[in-house]
Every structure is written in C-alpha cells, then in structure tokens.
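Visitor: The lines below spell out each chain.
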Amino acid sequence: MRGDRILAPIREARGVPRWVLWAGIVITTFFVVLALFAPLISPYDFDEYRTASGERFGKQQHPSADHPFGTNVLGTDVLARVVWGARTALEVVILAVFLSLAIGLPLGLLSGYFGGRLDRVLVLIMDSLFAFPYLLLAIVIAFLLSDKFGQGVGTAAIAISVVYVPQYFRVVRNHVISVREESYVEAARALGAKPRTVIRRYLLQNVIQSVPVLATLNAADAILTLAALGFLGYGIQPTDASEWGYDLQRAIADAGAGIWWTGLFPGLAIVALVTGLTLLGEGLNDVLNPVLRRRPIQAVVLPERPSRLPAEKVGV
Amino acid sequence: MAAGQHTTSLRTYALTRLALALPMVWILLTMVFLLMRVAPGDPISAALGGRLSQEELEQRREAAGYDRPLIVQYVEYLGNVVTLDFGETIIDNRPVTEVIRQNGAATLELTIAAFLVALAVGIPIGLLAGRFRDTPIDIAGRLFGIVIYAAPVFFLGFLAQIVFSQWLGWLPSSGRASPEVSFELESTTNLFLIDSLLSLDFNAFTDVLSHLVLPAVTLGLVVGGVFIRLVRVNVLQTLQGDYIEAARARGLPERNVVWHHAFKNALVPVITVIGLQVAFLLGGAVLTEQTFNWPGIGSELIRYLNNRDYIAIQGIITFFAVLVVIVSILIDLVNAWVDPRVRY
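Chains as they are written, first to last, in my numbering: chain A, 1 to 316; chain B, 1 to 344.
The following block holds chain B by itself, in its conformation from the complex (with noise of 0.2 Å):
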C-alpha cells in the first residue's frame, strides 16, 4: 500500500469480520438443531425409553417443553445460546456448561500443549524443507510429514504406550494425574499444571506433566505433520518471488535472502491455515481422549453418545461450532494485524 493511501483500520476490519460470522454461527446453529432434534423425535424417550413407564416419559417429555411446537423449540434453543446456556443433560442431570467447564480445561490442557509440539516439529521442518527442496533433508521431512500424517492419533498412541509405558516402564499411558494427587490437588483454573504450580507442589506438577507428556505428544506430532506441509509450500512459494530474486542479485548473502526475506514473508500466511487446524486438532482431541483415558470434553461427547443423551450432544456440538467460529474470527484479526493487505 502505498504512503497515505487509506487502509481500513484494524477495528472497522474486526466489526465486519463480526458482521460476517452472524449468518455462519445462525447455519451451524440450525444445522445442528435439525439434526439433532428433528431426526430422532423426542430426547427423552430416546435417553430413557425402556427405563421409564411411559407415564413418566411422557411427564419428562412436558416438563422439559418438548411437546411443544419445534419452532417454538428453535427459538428458544436459539435464545438460549445467545444467553451461553447450552441445556441440561438428560441422563445425569448436568448442565452442559458445567460440563464443558469441568471438562474443558483437561481438554485445553491437552491441545494448547500439543500445538507447541506440533509448532516446534513443523515449522523447523517444514522450513528446512521448504528451502532445501529436493534434497535428501526435503525428501526425509516430507516422507516423514506424510507418514506421521498417516498415522491415525491412537495408533500412535497404541505405540507409544507400549514402548514408554509396558517396555520402558518411563511415562504413565492413561489419565491426567495419579489418583492420589488428583485427590489431594486443589483446583482451582482445573488446568492441573497451573493448579500443581499454585500450589508449589512440585510432586504434583511432575506427575501431572508426566502424564501429558505422551497425550500431547501423539496428538502434537500428528497436528505437526500437517504443519510440516504448510510451512514448505510457503517457503517454496515464497523463494519464487521477485523480491527473492532482486535481494539476491543485490548480493546478499544467501543466508541473510532465506532468513530474513523468504523465512518471514512464508510464515504470514501459514497464521491462516494454522489457524484452520484447530478444527483438526479439535477431532484428534477427541480421539486422543478416548486413546489415553483422558476426561476431557472429547471423552464426556462419547459417553453421551453412548448413553443416547441427545440433549447433551446438542449441547456440546453447539459449544464447539461457536467455538470454532470464534477462534477463526481470532485468527483473522492476528492475521489482520500483521499483514494490512488482508483487510476489507
């Protein structure tokens, strides 16, 4: 952009970004609701048919308003959502959100630190790749970008339990902490590592952070094989540029073209499609869960899948879509912020 011309500034951007999220989080919304609610009929017979007399079932069915009309049931769902109220659970009575506050920190426990794996595997990688294209180092980063990529979540996890945790006996395979500390810990964020921190419990936070270790890992080199791709098309892009080639023949030293010319310009971009992994890393935490016996969110959506609590489901799908909605908005505005170009 050229000196004094008017770019919009950064706030206008993030009102329309807002603007444009409305009608998606309305579709997922709906989306979710039609499937969730008009294909099954009724919540309560679904959860508890069999368990109740159909006196009492249908008793439930009124108190919880789903003879009503499904229009009237929409808006309030709806309504509801703008409130952040996400329902109650059908087969132990507990409030979605409570669910997703004692659950969720396990599970953003879990992904915040597999994305530092995954960051600290893909981009040097990816990188080195990228810049050294076609050589042995190339060739070795993307047979091993695609092959961990190949690899679902608990096979890895199947692995490595076996080697660190049955032959080398190092790294405990399931749960987040020792019963005896998860007893004794106090929580207070529910962020076990902080919380074993707060506490100046050192034996704590070793135990806690020995049983992130594998979890994170798996789902991180899985997440970083993903990365390993982005970061290399970048760079190879990147190195095509005029400005690559005007730097160079300026005489700069190759060194100081790759770093402080391509290496930069390649990682702008990678912001964005980093950003549309947390989708990806969202469902690998779901299966790391399962994989490793850890109660986070993933875990708890599986049970309730099991269970029939359609109200629960709905509930949880709900808080993900908004979710993922507002960590896209998030990434935007990062990316905004950094390269004015992408503003409207």
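If we strip away everything but chain A, and leave its shape as in the complex, we get (with noise of 0.2 Å):
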C-alpha cells in the first residue's frame, strides 16, 4: 500500500516529464548493468595489454575487429576501460553519497530543529565551505589524503562528500525549519514528544521526501568530480582500477596526434551517464515536487443526463 502510494506520482505523469523521466531510468539501469556484469561484457580486463597467446595488443590501434574503440598510449583496450570505468564511476558515487547524506542529513536535521549557537556555528562553517569553489576543496582533500592513505575509491569518496554535505545540511536545514512550526508538529510537542521522537517520527519522514531528487542530482555531479580529480592525477590509482577522467588526461596528449578514440568513448561514456543520472533527477522533481507537478486534465465524466423532466414537476 505505501510503496504504491509513493510510486504513484510516477505512474501519473504524463507528457514530457514522463518521457525525462524513462530516458533517465533507462540510461542509468545501462549502466548499472555495465557496473554488475563488467567481468562477463568487457572483452578484456582493464589493464590487460597481451592476448591470451601473449601477444600485445600495439598502443594506439585504431579500432578494429579485436578492438572496437581502439587501444590507448599504455596498449590496453578502450571498451574493456570504458566499460570497467561504469564499475569504479558507480562505486565511488554511491560509496560518496552515502557519505554526505550520513554527515549531512542529521547535522541539517539537528540544527534546524534546535537552532540556537549550533544552528549559527553549523550555517556559518557550511556557507563557507559551500562558497568555496568546489573543485579545489576536492583536489586539495584528495591530494592531503592520498599523501597518507594513498589513491583509492575511499580517498576519492571522501573527497567527493566534503563537497555535497553542505548541500545536504542547506537542504534538510531549511525543510526542517518551515516544518518545525506546522501544527502537526506543535500538536506532538505539546502531547509531550520528546525531541527525539519528534525529529525522527515526524520531521525526518517530512524532510527524506527531498532526498531522492537531491541524491540523484549529486550523484550525477559526483561523476564530473571524480572525473575531473581523474583528469588532475588525483583519483583512483590507475593501477588499481579504470577511471574514465584518467583516460581522458592521457588522451589529451593523443589529440595533438589527431588520435581520437582514446577520448572520444570515456568521454562519451561520462556523458551519458551523468546526462542519465540528470535526467532521472529532473524526472523525479518534475513528478514528485508538487509545485512543478501538472497533473494530466482528468476528463470529467458527467452521469447520464436524466431524462426531461416535465416542466411542471420541478415545480413553479
């Protein structure tokens, strides 16, 4: 009954909010598809650069039967980097929105309920980090981490979450204030709720409804992070796994060479996934935010219209 009534607004929309919101759904599950089952769709592993006789496969091959979107400069094959990179992207996403919503949700949560110095305290350190331009608070958390913890899907996790636990705690904070004064709320006060009972039964059930959207949204924008932190010599070791902004940094010098395929695919591939994830999260705003939300024109069935009756009957 309940996951019907939340599933409802999503089987009610209509027109183009419908369509946004398959097209985002249906290129995010590709992808995830990519991430589960990378070992049996890529041909190759990501840093295998010799067939199975031991031959190497050349650097910088044009695509080819063997090698659909080519080899790149270190001799591996494209699509086998493209396809684990969906894994990596997918891991680091999740692993980071996790992150920032278990730092970010309940700080918002506290301080909008109590307000008072902590709220001041909270807002002030928030606002500032949020003022800051994302990018360098994320290469400079990356690179003190990985001077002591190395480059890993955890480092750049971590990264990535300083950066969206402001937006979360903004959000959360703000929802939580223009519900703390409904009367619902008053009503569970004034019944003698604990603080406690009255965050978590009736405040953060109000406030969760706005996390789908935001997550989505941050997830697809965690995926330009992580690429550009790839892009900067500062994600995940390329040892340890395929990253698609990596591929892009090393690409960069191939474009001088008019070789285009080493960049062409982990871009394409950053493209449509965050172009997917924007999409569902734009879908998802459009049918659950119900100041944007337009409802399909019900057509209004009229009953039978009752036969004429005698004038003199209704009565003068």
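Accuracy of the hints is not assured; some may be wrong.
One side only, chain A facing chain B, incomplete, derived with CB under 10 Å [claimed, not checked]:
#, residue
1, V20
2, F130
3, V153
4, A220
Hints listed in this document are in silico derivations from the structure and should not be mistaken for laboratory results. Just so you know, these numbers come straight off a predicted model, no measurement behind them. We treat Cβ as the ideally placed atom computed from N, Cα and C, and that holds for glycine.
Two chains, each in its own frame: build the complex with the hints.
Guide: So, in structure tokens, the structure goes:
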C-alpha cells in the first residue's frame, strides 16, 4: 500500500516529465548493468595488454574487430576501460552520496530543529564550504588524503563528499525550519513528545522526501567531480581501477596526433551517465515536486443526463 | 515598498554585508591553515625531503619559522593575509602574490571571455525555453543544457582540439600565444588581448585571440549550460505571477507581457545565481587551463600540488577563498542596487 502511494506520482506522470524520467531510468540502468557485469561484458581486463597467447595489443591502435574502440597509449583496450570505468564510477559515487547523506542529514536535522548557537555555527561553516570553489576543495582534500592513505576509492569518495555535505545540510535544515512550526509538529510537542521522537517521527519522515531528487542530481555531479580529480591526477590509482577522467588526461596528449578514439569513448561514457542521472533527477523532481507537478487534466465523466423532467414537476 | 517607508540605504547594506563576510573569511582561512599545516607536518620536508640533507632541512625549517608552536604560526598567517602577503613558494622561492600577478592575468582573461560566452549562450536559450514551455524549443534547449553540463570541460576541450586544430586546422590548441608573439609582446597588463591592442600590433592581436577562442568557448559552453537552466526556471516562475495575469487581463499583447513584464523580472534573481557560479567558473578554469596548456593560476596550482609545495598551495587556495568572498559581496551589492527589497 505504502509503496503504491510512493510510486503513484511516477505512474501518473504524463507528457515531457514522463519521457525525461524514463530516459533517465533507461540510461542509468544501462550503466548499472555495465558496472555489475563488467567481467562478463568486457572483452578484456581493464589493465590487460596482451592476448591469451602473450601477444601485445599494440599502442594507440585504430578501432578494429579485435578492439572495437581501439587501444590507448598504455596498450590496453579502450572498450574494456570504458566498461570497467562504469564500475569505478558507481562505486565511488554511491559511497560518496552515502557519506554526504550520513553527515549532512543528521546535522541538518539537529541544526534546523534546535536552532540557536549550534545552528549559527554550523550554518557559517557550511556556507563557507559551500562558497568555496568545490573542485579546488575536492582536489586539496584528495591531495592531502592521498599523501596519507593512497589514491583509492575511499579517498576519492571522501574528497567528493566534502563537497556535497553542505548541500544536504542546507536543504535539510531549511526544510526542517519550514516544517518545524507546522501545527502537527506543535501538537506532537504539546503531547509531550521528546525532541528525539519529534525529529524521527515527524521531521525526518517529512524531510526525507526531498532526498531522492537531491541525491540523484548530486550523483550526476559527483561523476563529474570524480572525472575531474582523475583528469588532474588525484583520482584513483590507475593500476587499481579503470577511471574515465584519467583516461581523458592521457588522451589529451593524443589529440595533438589526431588520435580521437582514446578520448572520445571515455568522454561519451561520462556524458551519457551524467545525462542519465540528471534526467532521472529532473524527472523525479518534475513528478514529485508538487509545485512543478502538472497533473493530466482528468476528463470529467458527467452522469447520464436525466430524461427531461416535465416543467410542471420541477415546480414553479 | 510603499512610498515614504524607509528602506535601508545602500551604504548601510554594504557595511552590514561586509561585516557579515568577515567571519566567513576567518573560517575559510582557519580551515585552509588547519588542512595545509596541521595535516602534513612541516612543509619544508614535504617539498624538499630527500633532496636536502637532514641538517639543511633543519636550517630551512628554522629560517622559515616552522619550529615555532602552531598557534604562533596561525596568528602570523592571519596577519600576513590581512596585509595581502600569501607566503613564498618553497620549490622556486616565488612570492605567491607574484604567482597571482603573473599567472592571474591569464586566468582572468580566460574566465572573462568564458563568462561572456556563457551569457551569450545561456540567457537567450534560457529565456526561449522558459517562454515556450514544453514545446520542441524548450525540449531542445533543456536537452542542450543538460548534455552540455554533463560534458566535462576537458572532454569538450579534447573534441575541440581534434576537430578545430587537427582536422580543420583553424585554431591553435594550446598556450596563450605563439612563441614569437609572446616573446615580442610588451606586457603591461599581462592581459595579452589588451597588451597587443595597446601596442597597436594587429598580428599579435589576432594571434592572441585565436589562442583564446577554443579555451574560452569550451569553458563558456559548460557554464552556459548552467545558465540555461537557471534562466528557464526563473522565467517559468515569473510567468506564473499575478501581475503577468493582470497584464494579460488588461489586454496587453503577449509580446509586451513577455518582454517587459516577465523577462526583466526573471533576470533579477539570475544575477545572484549567476554570481554563485563564479566558484564553478574558477573550478572549470583549472581544468580548462590543464587541457589547453593555458599558463594560469590553475596550472600553477597543479604544478605546485605535484611538487608537494604546501606553502604555494596554501597561498593560492587562500587567495581563491578571499576572492570568492569578495565576489559574493559584490554580487549582493549589485543585487541590492537593482532590487531594494533584498536590503536588510
């Protein structure tokens, strides 16, 4: 029953929002499948540079039957890098979104509910973080962490989540403040509900609705941030996993020689996945946000016209 | 605001806004200091460890004052920033202000050009998409905005280099100017476009301009993608306003309603939001500079990062932090000037 109610707006969506939503679902699912079944789908490992018989693939080879997307400067298969890259991207992004939610949501709830000095301090800190160029922030954090812990999925995810915590915090806090004074919350307080109960039962339930849209859009953004980190050399250690941004960094040098396939395919993968997630997020927003939602005009079925009553019976 | 009612003067607003920005600057500076100085230990051995003997390292640490308690260094750091001293790099002994002066001009030239491109792309498409909601124009505009936003700057840059430099051979793909031009160009402002104009060197001007086109358009398109969305949403909201309905009810032609009543009002809040994109623009500039070998602050930052020069990184990051806060104040002032309702 509950699930039914949650999914209802999606089913009711019509027109453009419906197409946007479905396009997003299809594209995102495609990449999730790539990520989950990378070992089955990919023709080679992401760092494989020899055939089974020990023959090298060759460097920067044109696309061919053996290597549909060609090979790159390291002599590995570009198609394999693209497929395995989906796995890296989703791993990092899921971890990053989870981390930023886990920090931003509770802080936003507490700050919004209790207000006062805690609120002011947190808002100031978060606003400062938010004002700062987010990419620079991520680079510096990734740089510092990689010095200590190396460049792995965890490092990249933490660097990215530092960027998004302030966003969750802001949205959640502002939402809580607008809901806090609603009469049902006041009623709960008047009945003697503890802050804990009020926050968990009334505020969280209410605020959690804005999370799916925000999380999807942030995930799209996080893919770009990860790629940017990789491009600048502060993403994932290239020997550990395949990462699209790193591949593009190597490809820039190829551009001067007119080699297009080493950069085109990883780049298209980024564009497609980010577009998919953005469409999904925007579609959800159009469908779930009551302000933007446009319900289809429902045809009103009039009851059968009663046979005309004789005028005298209506009474004059 | 009804006539006669008192609105805060712009000056009072400016002072209040400034006072409110100070804690933010302080917090940013403190965070930068904590991140850059507490985390790694001392900067000298991070950058030069392994290259100098233990004794020499010790000497340089003492000379730079890194053997003093952190709190002393922290106060000194804050004091230096107030006097606009951002420290001196370790690997090549340049004052950070010098780095900003020399390479900042390149970044400034790139970001201004990109910003203009972004406005030229974002505002018309956004207005049209919002005006003709759910029509093919809207769908095309939105899709363009989404896809262009989804494309990393360095991927667009890669494509641009392949197509316009390699295949068509129209435009150069890296640097700010050809070697001979940058050698001969008399640099007074370090903004090459202006320098070449000042020296009335037309060849140099076209050379510099041709180098600027690809990076600026690449970065501008990405930022423009964000503008499309912002403008579109604002137009949609404005068109729902009561006064729009009133204007229509008075029988004004739809053209007038849209131009005079909707678009102007839709663009006021856009000033603020576009202002917030300065941070995004700066991040994008770092990537664009790397892609096109553009010798700006971003490229320098990456070079110092790779060399683990913590003082240079700290200085550049500090500069960015201060810059972003200043820009946000300016944006708010412009906004308050345009729209008196936002004043405190």
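Visitor: Now tell me, hint by hint, if it's right for this structure.
Guide: Hints and how they fare:
The interface hint given for V20 (chain A) holds, since its Cβ lies 8 Å from the closest Cβ of chain B, which is under the 10 Å cut-off. Checking F130 (chain A) against chain B by beta carbon gives a least distance of about 9 Å; that is within 10 Å, so the hint holds. Of the supplied interface hints, the one on V153 (chain A) is violated, with its beta-carbon coming no nearer than about 20 Å to a beta-carbon of chain B, more than 10 Å. Checking A220 (chain A) against chain B: minimum C-beta separation of about 7 Å stays under 10 Å; hint holds.
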